[in-house]
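Could you put the whole structure together from the sequences, leaning on the hints where they help?
Protein chains: 2
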Amino acid sequence: MRLKDIGEFGLIKRFQGKIKNDSSVIKGSGDDCAVLKLDDDNYQLFTCDMIIEGVDFAKTDSLKLVGRKALAVSISDIAACAGIPKHAVVALGLPKNMRVRQVDLLAKGLFDLAKEFKINIVGGDISASDKLVIDVSMLGKVEKDKLCLRSGAKAGDIIMVTGSFGGSIKGKHFKFTPRLKEARFLTDNFKINSMIDVSDGLIQDLGHILEQSRAGAVLYGSLIPLSRQAKNAQDALCSGEEFELLFTVSRVQASKIIKSARYSFKVIGEIMPKSFGLRIIDYKNKYSKLKFKGWEHF
Amino acid sequence: MRLKDIGEFGLIKRFQGKIKNDSSVIKGSGDDCAVLKLDDDNYQLFTCDMIIEGVDFAKTDSLKLVGRKALAVSISDIAACAGIPKHAVVALGLPKNMRVRQVDLLAKGLFDLAKEFKINIVGGDISASDKLVIDVSMLGKVEKDKLCLRSGAKAGDIIMVTGSFGGSIKGKHFKFTPRLKEARFLTDNFKINSMIDVSDGLIQDLGHILEQSRAGAVLYGSLIPLSRQAKNAQDALCSGEEFELLFTVSRVQASKIIKSARYSFKVIGEIMPKSFGLRIIDYKNKYSKLKFKGWEHF
Chain A
1 MRLKDIGEFG LIKRFQGKIK NDSSVIKGSG DDCAVLKLDD DNYQLFTCDM
51 IIEGVDFAKT DSLKLVGRKA LAVSISDIAA CAGIPKHAVV ALGLPKNMRV
101 RQVDLLAKGL FDLAKEFKIN IVGGDISASD KLVIDVSMLG KVEKDKLCLR
151 SGAKAGDIIM VTGSFGGSIK GKHFKFTPRL KEARFLTDNF KINSMIDVSD
201 GLIQDLGHIL EQSRAGAVLY GSLIPLSRQA KNAQDALCSG EEFELLFTVS
251 RVQASKIIKS ARYSFKVIGE IMPKSFGLRI IDYKNKYSKL KFKGWEHF
Chain B
1 MRLKDIGEFG LIKRFQGKIK NDSSVIKGSG DDCAVLKLDD DNYQLFTCDM
51 IIEGVDFAKT DSLKLVGRKA LAVSISDIAA CAGIPKHAVV ALGLPKNMRV
101 RQVDLLAKGL FDLAKEFKIN IVGGDISASD KLVIDVSMLG KVEKDKLCLR
151 SGAKAGDIIM VTGSFGGSIK GKHFKFTPRL KEARFLTDNF KINSMIDVSD
201 GLIQDLGHIL EQSRAGAVLY GSLIPLSRQA KNAQDALCSG EEFELLFTVS
251 RVQASKIIKS ARYSFKVIGE IMPKSFGLRI IDYKNKYSKL KFKGWEHF
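The listed protein sequences derive, respectively, from chains A and B.
Number 47 in my numbering belongs to position 47 of the first sequence; there are no gaps in the numbering.
Number 96 in my numbering belongs to position 96 of the second sequence; there are no gaps in the numbering.
Don't take every hint at face value.
[To be verified] Away from chain A, derived, C-beta distances all over 10 Å, residues of chain B:
id	residue
1	Cys33
2	Asp41
3	Arg101
4	Gly156
5	Gly163
6	Lys191
7	Arg251
8	Gln253
9	Ser255
10	Tyr263
11	Gly277
12	Ile281
[As the list claims (entries may be wrong)] The calculated DSSO-like cross-link candidates involving lysine-lysine, where the alpha carbons are at most 30 Å apart (straight line), are:
id	chain 1	residue 1	chain 2	residue 2
13	B	Lys231	A	Lys96
14	B	Lys64	B	Lys146
15	B	Lys37	A	Lys141
16	B	Lys18	B	Lys144
17	A	Lys170	A	Lys289
18	B	Lys18	A	Lys96
19	B	Lys118	A	Lys13
Rather than coming from a laboratory, the hints here were simulated on the basis of the structure.
For glycine and all other residues, C-beta sits at the position ideal for the given N, C-alpha and C.
So, in structure tokens, the structure goes:
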């Protein structure tokens with residue numbers, strides 16, 4: 001059996017079945033961050049994201065943007081749990097023939113964003129590697145009553161998003177600003193039932209919420225906000241690395257969020273019972289069933 | 001300027017000059033772990049280690065041992081700070097044609113060691129990659145008064161080590177047991193002034209202690225414990241990935257440690273003033289100057 005036969009998510013499930021953690025782990029593998037006991041009022045968040053040349057960026061891409069992205073994807077994970085990023089360590093696999101000037105650019109992209117988000121870069125590891133590899137591990141903090149997970153969606157919840165979707169590959173996957181302010185605004189002022197950042201694609205990441213929450217959903221195709229770079233509606237539904245927030249709230253909270261008129265939060269659907277599955281009402285008002293399709297590594 | 005012109009450690013220094021951290025960081029880059037504020041009595045330790053196919057292991061090596069090593073090197077870093085490992089996240093870059101059975105072996109090596117050391121595997125990231133890459137980031141905890149850093153060596157300190165040195169490449173680099181028990185025994189019962197784990201080579205890692213402590217040292221060549229796999233004395237001094245502890249203590253503490261007769265701690269030299277540099281008394285009782293020579297990635 002090859003990796004492509006079970007896929008990235010099949011492999012993750014295979015691992016999860018073998019892990020036994022102690023009671024200091026509030027939430028292990030299966031969410032945007034691990035959630036760990038910290039003190040009476042706060043949890044610690046812990047996440048890592050590896051980006052690799054030829055997969056997550058091309059050899060010809062700006063190294064400053066690559067360094068920026070390496071850190072930004074982890075900030076987005078902390079944001080999805082409504083936390084505040086604090087510390088990061090950076091493991092670098094660098095090709096031997098790389099110029100110091102190139103590594104400086106990579107570091108500048110990463111350090112500048114760390115400064116912007118007040119994140120301490122507290123250590124790392126450097127290794128020789130054929131292809132450029134960057135793995136950032138990040139620690140964050142979240143007040144216990146503000147933590148958002150994928151598992152809290154309830155039938156009747158309204159599904160909402162930040163920003164617009166599609167065509168991230170044309171630039172947004174490098175230049176996005178992690179939705180940290182938006183996440184904190186939401187959790188500071190409203191009751192958010194579940195949240196995730198869209199890294200694998202809108203449908204697939206909604207699928208993660210549905211799986212963890214044992215729920216179904218209906219999406220209103222005509223309400224999905226399309227970015228200018230989106231090829232079409234299908235692209236908006238499947239495009240990975242959009243790094244927008246996808247969250248669910250009660251109907252009452254949704255109307256309060258819309259009335260707040262801070263940031264641009266949009267309604268795109270509704271959480272349904274699990275038996276409903278995941279369906280979309282398309283532009284012709286027809287229901288169709290959706291598969292959780294998006295980015296898979298294998 | 002290429003990476004080989006400034007080397008791994010030149011690059012690390014270049015980065016360090018650009019990082020500004022806040023007061024929650026007790027010790028950032030430059031030690032075995034980052035040391036972070038946690039609570040009144042404890043610090044948090046944070047470290048990462050990336051291992052890459054073709055650099056840290058061969059394509060033909062046992063994947064169970066590779067998985068084990070990926071976790072063991074980070075445990076060794078936590079041990080060097082006299083801490084207790086708690087949680088880890090694992091980033092995996094996997095070749096697309098890898099068999100699921102092979103990934104299972106890799107996971108088994110890693111999970112078995114995690115169980116042995118009571119470490120929670122709380123998350124990770126999986127990516128496609130040409131070569132197998134594993135980056136483990138680990139969190140640990142250490143009582144404030146038990147923390148050991150590289151920077152505390154004082155002229156007159158006795159330099160001691162665990163175990164024996166040389167020829168690690170013949171198997172020890174895979175099969176070593178991180179010296180966690182020994183580190184905790186030392187810090188629970190004695191006053192340890194400085195400590196490091198030998199990953200780059202005995203001389204080079206002693207060099208890290210001397211640099212951080214602004215000190216010099218003399219090594220007694222005839223006292224360096226040679227492993228059976230050591231080619232010769234030079235090999236014992238330079239062999240990387242031995243993962244033994246190298247630590248310094250006052251003369252009084254050293255004699256107490258030796259009298260304790262728990263584990264096998266050996267004296268190998270003495271800390272001197274910085275102006276002395278690093279010298280070795282060889283088997284003919286001749287002094288010679290040593291360069292900090294060991295493993296460099298570039």
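The hints, checked one at a time:
1. Listed as a non-interface residue, cysteine 33(B) fails to keep its Cβ farther than 10 Å from every Cβ of chain A; the least gap is roughly 7 Å.
2. Chain A leaves aspartate 41(B) outside its interface by the beta-carbon criterion, the shortest separation being 12 Å against a cut-off of 10 Å.
3. For arginine 101(B), the shortest C-beta to C-beta distance to chain A comes to about 7 Å, within the 10 Å cut-off, and the non-interface label is violated.
4. Once the 10 Å rule is applied to beta carbons, glycine 156(B) is consistent with being away from chain A; the minimum gap is 30 Å.
5. Separation of glycine 163(B) from chain A is adequate, the least Cβ-Cβ distance of about 23 Å exceeding the 10 Å criterion.
6. Lysine 191(B), annotated as away from the interface, keeps every beta carbon of chain A farther than 10 Å; the closest lies near 26 Å.
7. For arginine 251(B), the condition that its CB be more than 10 Å from all CB atoms of chain A holds, with the nearest at approximately 33 Å.
8. Against chain A, the non-interface label of glutamine 253(B) holds: every CB pair exceeds 10 Å, the least being about 28 Å.
9. For serine 255(B), the requirement that its beta carbon stay farther than 10 Å from each beta carbon of chain A is met, with the minimum near 35 Å.
10. The beta carbon of tyrosine 263(B) sits about 27 Å from the closest Cβ of chain A, which is more than 10 Å, so the claim that it is off the interface holds.
11. The beta carbon of glycine 277(B) sits about 26 Å from the closest Cβ of chain A, which is more than 10 Å, so the claim that it is off the interface holds.
12. For isoleucine 281(B), the requirement that its beta carbon stay farther than 10 Å from each beta carbon of chain A is met, with the minimum near 33 Å.
13. Distance check on the hinted pair: lysine 231(B) and lysine 96(A) sit about 28 Å apart at the alpha-carbon level, within 30 Å; holds.
14. With a C-alpha separation of about 33 Å, the suggested pair lysine 64(B) and lysine 146(B) falls outside the 30 Å cut-off, and the hint is violated.
15. Distance check on the hinted pair: lysine 37(B) and lysine 141(A) sit about 13 Å apart at the alpha-carbon level, within 30 Å; holds.
16. Using a Cα cut-off of 30 Å, the hinted pair lysine 18(B) and lysine 144(B) holds, with the two alpha carbons roughly 28 Å apart.
17. Between lysine 170(A) and lysine 289(A), the direct Cα distance comes to roughly 29 Å. Compliance with the 30 Å bound is thereby established for this hinted pair.
18. Only pairs whose Cα atoms come within 30 Å are accepted, and lysine 18(B) paired with lysine 96(A) is accepted, the gap being roughly 22 Å.
19. Of the pairs offered as hints, the one joining lysine 118(B) and lysine 13(A) holds, with about 21 Å between alpha carbons and a cut-off of 30 Å not exceeded.
Figure legend: structure checked against the earlier numbered hints; hints not met, in rising order: 1, 3 and 14.
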